[in-house]
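J.: Given next are the chains, with one letter for each unit.
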Amino acid sequence: MAPAPRTRDLTLASAHDEVVNAMTQTAVVERKDRRAPRKASAQPAEGGSRFTLRAAFAQGDAFTRASALVLGLGNLVRRQYVKGAMFLLGEVTFLALFLGRGLHSLAGLGDLATVTKGGQEWDANGNFVNVNPTNSVEVLLYGVAWIFGVAAFAVFWSAAVRSAYQAQVLAQESGRAPSIVSDVRDLFDRRVHQTLLSLPVLGIVVFTIVPLAFMISMAFTSFDKNHPVAFDWVGLDNFAAVFSRTGSAAIGVNLGLFLRVLGWTLVWATLATFLNFFLGMFVAMIILRRGTRLKNMWRAVFSLSIAVPQFVSLLVINQMLQDQGIVNQLLKQWGLIDSSLPFFTNAWWARATVVVVNLWIGIPFTIMQITGVLQNVPGELYEAARLDGAGWWQIYRKITMPYVLFVLTPYLIITFTANINNFNVIYLLSNGAPTRVGESAGQTDLLITWLYKLTVDKGNYNVGAVIGIMTFVVLGVVALITYRNSGSYKNEEGFQ
Amino acid sequence: MTSQTSTDVRAGAAGGPTGTAWRPGAKAGGSVRRRRRLGDAAAHAFLTVLAVAWLVPIVWVLAESFNWNTAPFTTTFFPTRYTLSNYTQLFTDTSVMNFPQMFLRTLVIAVFVCVIQLFFVLSVGFVMSRLRFRARRPLMNTALILGMFPGIMAVVAIYFILKAMGLTGSSTATTVALIIVYSAGSGAGFYVMKGFMDTIPASMDEAALLDGCTRWTVFTRIILPITKPMMVYQALIGFLTPWLDFVMAKAIARTQENYTVSLGLWQMLQKEYIAQWYARFAAGAVLISIPIAVLFIVMQRFYQSSMSGSVKG
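From first to last, the protein sequence lines are chains Z and E.
With our numbering applied, the first sequence covers 89 to 584.
With our numbering applied, the second sequence covers 107 to 419.
What the hints contain is simulated information worked out from the structure, not anything from laboratory work.
Wrong hints could be hidden among the right ones.
Here are the simulated distance ranges between beta carbons [unchecked claim]:
id	chain 1	residue 1	chain 2	residue 2	range
1	Z	444	E	139	32 to 38 Å
2	E	248	Z	411	44 to 50 Å
3	Z	565	E	322	39 to 45 Å
Here are the simulated DSBU-like cross-link-like pairs (lysine-lysine), alpha carbons at most 35 Å apart as the crow flies [said to hold, decoys possible]:
id	chain 1	residue 1	chain 2	residue 2
4	E	269	Z	313
5	E	334	E	300
6	Z	383	Z	546
7	Z	383	E	300
8	E	356	E	300
9	Z	313	E	334
10	E	269	E	356
11	E	377	E	300
12	Z	383	E	334
13	Z	486	E	300
14	E	377	E	356
15	Z	546	Z	313
16	E	356	Z	546
17	E	334	Z	420
18	E	334	E	356
19	Z	313	E	356
20	Z	546	E	377
21	E	269	Z	546
To give an idea of the interface, some chain E residues facing chain Z are shown, with a C-beta separation under 8 Å as derived from the structure [stated by the list, open to error]:
id	residue
22	156
23	286
24	403
Using N, Cα and C, we set each Cβ at its ideal position, and we do this for glycine too.
Can you build the whole structure from these sequences, using the hints too?
T.: As structure tokens, then:
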């Protein structure tokens, strides 16, 4: 409710007062925000302006409305020449590119493969093949990119129309629309967020969002190792291959395999997260014990493994555990075993190995995190408990655990999602081994390593994309449930 | 007895409740002492076993880096004959694998990524922490959701995009491509920086604005100086990215002339190289680990000091 009167205030205020007003308003908004951040953010007016698109069409004059067709016209009429010229130039450039290439690219999305430059002919093996076939990857990529290009232009267009309306209103109010100098000054003050965000957002759109959209679109095509070029849309066939009992023998996927990998991914994430947490906590508490000497030395020993790059230590451990590796050799020499232990050749051994090695990787991090937390548990709590006659187990369960969990729940959630995506440990350590013949995923493969093998190693991009989408669904469910309930999300300004 | 109880209480306060010593209603002093000594011995034995387990791989790779024998399959834990030639060969013998060049390339990438990431994260962190505007919540939620997508998922798509931009193939192009890939999305990792800036009192901005600062000067003159420890932390993270990354580099730098250090080390362990290159892999791993370990320790210090809050007193 609160922001509504503020907007009216601003409308009544003269242009001259607006700057002063805006400054105090910001302070007010910030304070209001702090009190009820979620409520305030639900109001669209938060920090918004009165120069909306709707207002522009409802209250704009002829020039403002015409600006929707000829971008920058409104600005040029109000003597904002530089701004108007920029909008116009942007529109002309976009239209030239769009008509020259964009339309063709977007049309290409309809049918990825039919345009063959060289026609078709019989090859030496008697197959009817495309000569010089279309590179469907490019067709798909440019098509997807142009969708984003059009969306970007829509944003540009809306900015231009609103700017024309703003120029009209401000010209009416103060006789002259703001000059380019004051606009630029504005970009470093009231609208500094636009300046600072432009490059990071551009980077994220081009190298995170567009690739994701591109990848997702591959899930609906026949882009696999047999169709590296000249592939086409196949609808939901790939989903059918992954989720049917028989699946696709050529690629080596079926429902059983998918469920097995999904199940192992979840089991792995649970084991990796909670074993690390509880064992790490146990070690941290032993180091913190009163009787333990050389506390710093023990901690240093464990942190040493953090400082070694993960891929190095994983590759080294992988070498140590090979059939002919140093561990098996020494055990044989000492007469403890006759034949090599099947660290990566037996499914259950391999699963146990990756979990245990992950303890080696993860426990030092847990020790680091938990030591600080344990030291902060208020001492009076322990004293009071002891006076009441509580034993150590009771104290652990009723005081230590609740306190640690309260502080570290967000950390546990992050660790869990990170473990679902724990590519390094699996790929560098076991590489999914052992793998049964005819299956594309090994016994220790996670969804994420399976995806990597399917795409980068084997070139079955379509099925890989399906697995990627499913990974995201799993992660999204975990994340949405947990993040939104975490304290730091709800109460981000608690310390300001 | 009284003194005994009081130390026990302190022990609990400082050390947590694992000890068996300070049970309430302890019996005779002697029995308590014996039990405690037993507990101490067990704890130290347990820690020693663990410490050995944690040190073995590290000691082994250090020992192997001086091994005369270049293959990984030996019958003794420590090498029977030591040499320094693995280190010298790594940098002089560039006929099969050009390690010095990989090292230099990774260094160049690291410097650029460090600067760009720092700029991106500072900008986004400042905007999200100190300013209020309409798109703020949606942008933050988008960053949260994008963080859910594993980077590996889009790696193939990113490769095709770079290819369309003409940034694959030659070694210079791949270097540029890797710089872009490591830094482009870094703006989404603003949460720690924002969390730090959130602890700077809002009254400082307000005072500065009343004194005639623009929001830009608030950023450069007020917020940035206070954020220095966090900047060091972020810069180190950026610098370490290309040294530690393996997956992105493998998908983008596809031929050996374009490899970074981590890919080079990985390559040395492939079947066709390992018998000749294992000892040199160990030497390379040691050379990479030492500076990274030092940077890591520095980083920890800055991280801890920045976690203790922005404005003291």
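J.: Against this structure, judge whether each hint is valid.
T.: Going down the list of hints, with the structure as the test:
1. Taking the beta carbon of each, residue 444 of chain Z and residue 139 of chain E are about 37 Å apart, inside 32 to 38 Å as hinted.
2. In this structure the hint that residue 248 of chain E and residue 411 of chain Z lie 44 to 50 Å apart at CB holds, the actual value being about 48 Å.
3. In this structure the hint that residue 565 of chain Z and residue 322 of chain E lie 39 to 45 Å apart at CB holds, the actual value being about 41 Å.
4. Note on residue 269 of chain E and residue 313 of chain Z: the hinted pairing holds, with a Cα-Cα distance of about 19 Å set against a maximum of 35 Å.
5. Under the criterion of a C-alpha separation no larger than 35 Å, the hint pairing residue 334 of chain E with residue 300 of chain E is consistent with the structure, at around 13 Å.
6. Taken as a hint, the residue 383 of chain Z and residue 546 of chain Z pair is broken in the structure, with Cα atoms around 49 Å apart against an allowance of 35 Å.
7. The suggested pairing of residue 383 of chain Z with residue 300 of chain E holds, with an alpha-carbon distance near 34 Å, which does not exceed 35 Å.
8. About 32 Å separates the Cα atoms of residue 356 of chain E and residue 300 of chain E, which keeps this hinted pair within 35 Å; it holds.
9. A hinted pair counts as satisfied when its Cα atoms are at most 35 Å apart, and residue 313 of chain Z with residue 334 of chain E does not qualify at roughly 50 Å.
10. Restraint check for residue 269 of chain E and residue 356 of chain E: the C-alpha separation of about 15 Å stays at or below 35 Å, so the hint holds.
11. Taking the CA atoms of residue 377 of chain E and residue 300 of chain E, the gap is about 46 Å. The hint is violated against a cut of 35 Å.
12. Distance check on the hinted pair: residue 383 of chain Z and residue 334 of chain E sit about 31 Å apart at the alpha-carbon level, within 35 Å; holds.
13. A hinted pair counts as satisfied when its Cα atoms are at most 35 Å apart, and residue 486 of chain Z with residue 300 of chain E qualifies at roughly 34 Å.
14. Under the criterion of a C-alpha separation no larger than 35 Å, the hint pairing residue 377 of chain E with residue 356 of chain E is consistent with the structure, at around 17 Å.
15. Pair hint residue 546 of chain Z plus residue 313 of chain Z holds up; C-alpha atoms about 7 Å apart against a cutoff of 35 Å.
16. Our distance criterion of 35 Å between C-alpha atoms is met by residue 356 of chain E and residue 546 of chain Z, whose separation comes to about 14 Å.
17. Taken as a hint, the residue 334 of chain E and residue 420 of chain Z pair is broken in the structure, with Cα atoms around 55 Å apart against an allowance of 35 Å.
18. Using a Cα cut-off of 35 Å, the hinted pair residue 334 of chain E and residue 356 of chain E holds, with the two alpha carbons roughly 34 Å apart.
19. Of the supplied pair hints, the one linking residue 313 of chain Z and residue 356 of chain E holds, its CA atoms being roughly 19 Å apart against a limit of 35 Å.
20. Annotation: proposed proximity of residue 546 of chain Z to residue 377 of chain E holds, straight-line Cα distance about 19 Å (limit 35 Å).
21. Between residue 269 of chain E and residue 546 of chain Z, the direct Cα distance comes to roughly 19 Å. Compliance with the 35 Å bound is thereby established for this hinted pair.
22. Because the closest C-beta pair between residue 156 of chain E and chain Z is about 7 Å apart, less than 8 Å, the hint holds.
23. The interface hint given for residue 286 of chain E holds, since its Cβ lies 7 Å from the closest Cβ of chain Z, which is under the 8 Å cut-off.
24. About 7 Å separates the beta-carbon of residue 403 of chain E from the nearest beta-carbon of chain Z, less than 8 Å, and the hint is met.
Taken one by one, the earlier hints fail for this structure at numbers 6, 9, 11 and 17, listed in ascending order.
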